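S.K.: One letter stands for each residue in the lines below.
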Amino acid sequence: DTEVTQTPKHLVMGMTNKKSLKCEQHMGHRAMYWYKQKAKKPPELMFVYSYEKLSINESVPSRFSPECPNSSLLNLHLHALQPEDSALYLCASSQDPPVSNNSPLHFGNGTRLTVT
Amino acid sequence: QKEVEQDPGPLSVPEGAIVSLNCTYSNSAFQYFMWYRQYSRKGPELLMYTYSSGNKEDGRFTAQVDKSSKYISLFIRDSQPSDSATYLCAMSADQFYFGTGTSLTVIP
Numbered sequence: 011d012t013e014v015t016q017t018p019k020h021l022v023m024g025m026t027n028k029k030s031l032k033c034e035q036h037m038g039h040r041a042m043y044w045y046k047q048k049a050k051k052p053p054e055l056m057f058v059y060s061y062e063k064l065s066i067n068e069s070v071p072s073r074f075s076p077e078c079p080n081s082s083l084l085n086l087h088l089h090a091l092q093p094e095d096s097a098l099y100l101c102a103s104s105q106d107p108p109v110s111n112n113s114p115l116h117f118g119n120g121t122r123l124t125v126t
Numbered sequence: 537q538k539e540v541e542q543d544p545g546p547l548s549v550p551e552g553a554i555v556s557l558n559c560t561y562s563n564s565a566f567q568y569f570m571w572y573r574q575y576s577r578k579g580p581e582l583l584m585y586t587y588s589s590g591n592k593e594d595g596r597f598t599a600q601v602d603k604s605s606k607y608i609s610l611f612i613r614d615s616q617p618s619d620s621a622t623y624l625c626a627m628s629a630d631q632f633y634f635g636t637g638t639s640l641t642v643i644p
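Going down the list, the protein sequences come from chains A and B. If you count the first sequence from 1, position 41 lands on 51 in this note's numbering, and the numbers rise without skipping. If you count the second sequence from 1, position 30 lands on 566 in this note's numbering, and the numbers rise without skipping.
Some hints could be false.
[Claimed, not checked] Simulated restraints on C-beta separations:
| # | chain 1 | residue 1 | chain 2 | residue 2 | range |
| --- | --- | --- | --- | --- | --- |
| 1 | B | N591 | A | A90 | 44 to 54 Å |
| 2 | B | Q631 | A | H20 | 25 to 35 Å |
| 3 | A | E68 | B | Y607 | 19 to 29 Å |
| 4 | B | N563 | A | S69 | 15 to 25 Å |
The hints are simulated quantities; they were obtained by calculation from the structure and are not laboratory data. All values derive from a computational prediction rather than experimental measurement. Even glycine gets a Cβ: it sits at the ideal position worked out from N, Cα and C.
Given only the sequences and the hints, what does the whole structure look like? Please build it.
M.R.: Here is the structure:
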């Protein structure tokens with residue numbers, strides 16, 4: 011079991027649906043991340059929140075909308091997705107932002123998203 | 537040139553073998569190094585992390601960093617079928633950078 015919890019584990023949605031992915035960590039970490047991972051590829055950074063503020067947005071389409079309600083929670087709101095957005099969406103956290111070079115990244119087990 | 541280079545394999549070894557997984561990097565700003573194991577349909581699991589050059593050991597795993605050569609390695613001793621997974625190296629600077637992953641199969 012990981013200390014980063016993601017729900018749901020699986021999600022199937024149509025292109026007109028609106029859904030949300032949720033992530034929670036109780037390690038007191040100050041940075042939280044969303045990554046997208048396609049099969050046989052490394053995780054690809056989408057968003058970084060440092061101290062509950064969005065610090066990095068890697069040119070992600072607006073159909074993905076992140077939200078950080080508090081230091082333990084991270085959401086990813088999905089709307090009007092395309093079939094090519096089907097992937098494993100990983101949430102992660104670290105004690106401090108990566109520029110501090112002093113804390114590793116801890117991943118959840120992901121939400122496997124299928125867009126039909 | 538990618539920031540982090542990792543041989544994708546696949547790598548297939550008999551049970552009990554010593555496995556060596558490697559990554560090279562080009563950015564001198566990388567100071568913190570991590571190895572992850574990822575089983576199919578799961579998230580990456582943190583195995584080892586280190587800041588320093590030299591070796592760090594944890595059970596059957598040894599992480600080695602050579603900053604002068606910009607080269608990191610993960611050694612797995614007495615490999616087990618349960619070690620069959622994809623292994624990702626990662627490094628941090630302004631964000632985390634990942635290798636492409638090496639697929640390892642340990643044959644009983």
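S.K.: Going through the numbered hints above, which ones does this structure break? Give me the numbers in ascending order.
M.R.: none
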